[in-house]
Each structure stands twice: as C-alpha cells, then as structure tokens.
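Participant: Can you make the complete structure from the sequences, with help from the hints?
In the working numbering, the protein residues as written are -10 to 98.
The hints are simulated quantities; they were obtained by calculation from the structure and are not laboratory data.
One or more of the hints may lead you astray.
[To be verified] Derived DSSO-like pairs (lysine-lysine); straight-line CA-CA distance at most 30 Å:
| # | residue 1 | residue 2 |
| --- | --- | --- |
| 1 | Lys69 | Lys(-5) |
| 2 | Lys57 | Lys22 |
| 3 | Lys22 | Lys69 |
| 4 | Lys(-5) | Lys55 |
| 5 | Lys60 | Lys22 |
| 6 | Lys(-5) | Lys41 |
| 7 | Lys60 | Lys41 |
| 8 | Lys22 | Lys55 |
| 9 | Lys60 | Lys11 |
| 10 | Lys11 | Lys(-2) |
| 11 | Lys94 | Lys22 |
| 12 | Lys41 | Lys57 |
| 13 | Lys94 | Lys(-5) |
| 14 | Lys(-2) | Lys69 |
| 15 | Lys(-2) | Lys94 |
| 16 | Lys(-2) | Lys55 |
| 17 | Lys11 | Lys22 |
| 18 | Lys41 | Lys(-2) |
| 19 | Lys11 | Lys41 |
| 20 | Lys69 | Lys55 |
| 21 | Lys94 | Lys55 |
| 22 | Lys94 | Lys57 |
| 23 | Lys11 | Lys57 |
| 24 | Lys41 | Lys94 |
| 25 | Lys94 | Lys69 |
| 26 | Lys11 | Lys55 |
| 27 | Lys41 | Lys69 |
| 28 | Lys41 | Lys22 |
| 29 | Lys94 | Lys60 |
| 30 | Lys69 | Lys11 |
| 31 | Lys22 | Lys(-5) |
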Amino acid sequence: MTDTFKDYKDEAILLDDDVWTKHITVDHPEMTKEIIAEVLMSPSVVCESQHKNLENHRLYYKGPWKNKRAKDRYYRVTIKVCNDGNWISTAHTRSSVSCGAILFKEGEQ
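Facilitator: Okay, structure coming up:
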C-alpha cells in the first residue's frame, strides 16, 4: 500500500507502506503522517542534499521548534526523486538544517 501526499508545489510525494511500518514508525516514532503532510505542504526550507550518498534527494525542513530541553529542533522529510515518482525515504527530527543548494525558503518566493 502507498500513501500519497502533496508538497508545497502540488507535486505528488509517495510513502511506501514498508518505509512507514518498518522504518519510520520503528526508528523515528516521533513522526506521524500528519507531521509529514505538514512538512511537505508548508516547509521552512527545501534543499538538495549535500551528501554524495544522497544524490537525487530533496530535504524538506520545518521549524525550528523547541523540544522538552528548550533546544531547537527541525522536522525533516527526505525525498528521493525517481523516474517513477518522488518517494519518502525517511522522516525524523534534527538539531539543525544541513543542505546543499536551497530550492525554497519560507518567505522568499
């Protein structure tokens, strides 16, 4: 089964059930499908990955927000751009935004 989300450009973003049940819910239980939908629809920053092992990946960030320890956190959804669609490969929280070329920045359009 596959869930389909829309991003801020109205592009379809796909989430495979195996990625959701065997990876995200297991390794990143703080993430929900509602959070993923929000990050994709209204990101703070979208950029290309700067890492060689993540070529053809876009990183969608939302934040910052404060965790229980009053430290800044960002939601990040990683999308792999493929010929057969754009697929979510992971979703989790991070302490900072780390990216290559910026494709979108909130407030700058």
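Participant: Would you mind marking each hint as holding or not holding in the structure?
Facilitator: Okay, the hints, checked on the actual structure:
1. Lys69 / Lys(-5): Holds. Lys69 to Lys(-5) sits at ~15 Å (cutoff 30 Å).
2. Lys57 / Lys22: 22 Å, holds
3. Lys22 / Lys69: 17 Å, holds
4. Lys(-5) / Lys55: 26 Å, holds
5. Lys60 / Lys22: Given that 30 Å is the threshold and the Cα spacing comes to 23 Å, the pair holds.
6. Lys(-5) / Lys41: 26 Å, holds
7. Lys60 / Lys41: 29 Å, holds
8. Lys22 / Lys55: 20 Å, holds
9. Lys60 / Lys11: It holds: about 28 Å lies between the C-alpha atoms, which stays within 30 Å.
10. Lys11 / Lys(-2): Distance ~28 Å between Lys11 and Lys(-2) Cα, so the pair holds.
11. Lys94 / Lys22: 22 Å, holds
12. Lys41 / Lys57: Roughly 33 Å between the alpha carbons, so the hint for Lys41 and Lys57 is violated.
13. Lys94 / Lys(-5): 17 Å, holds
14. Lys(-2) / Lys69: 16 Å, holds
15. Lys(-2) / Lys94: 13 Å, holds
16. Lys(-2) / Lys55: Holds, at roughly 27 Å.
17. Lys11 / Lys22: Since the Cα atoms of Lys11 and Lys22 sit roughly 14 Å apart, the hinted pair holds (cutoff 30 Å).
18. Lys41 / Lys(-2): 26 Å, holds
19. Lys11 / Lys41: OK: Lys11 and Lys41 at ~25 Å, within 30 Å.
20. Lys69 / Lys55: Judged against 30 Å, a Cα distance of about 28 Å means the pair holds.
21. Lys94 / Lys55: 20 Å, holds
22. Lys94 / Lys57: 26 Å, holds
23. Lys11 / Lys57: 27 Å, holds
24. Lys41 / Lys94: 23 Å, holds
25. Lys94 / Lys69: 19 Å, holds
26. Lys11 / Lys55: Roughly 28 Å between the alpha carbons, so the hint for Lys11 and Lys55 holds.
27. Lys41 / Lys69: Given that 30 Å is the threshold and the Cα spacing comes to 13 Å, the pair holds.
28. Lys41 / Lys22: Holds, at about 28 Å.
29. Lys94 / Lys60: Holds, at about 22 Å.
30. Lys69 / Lys11: Measuring from Cα to Cα gives roughly 18 Å; hence the hint holds.
31. Lys22 / Lys(-5): 12 Å, holds
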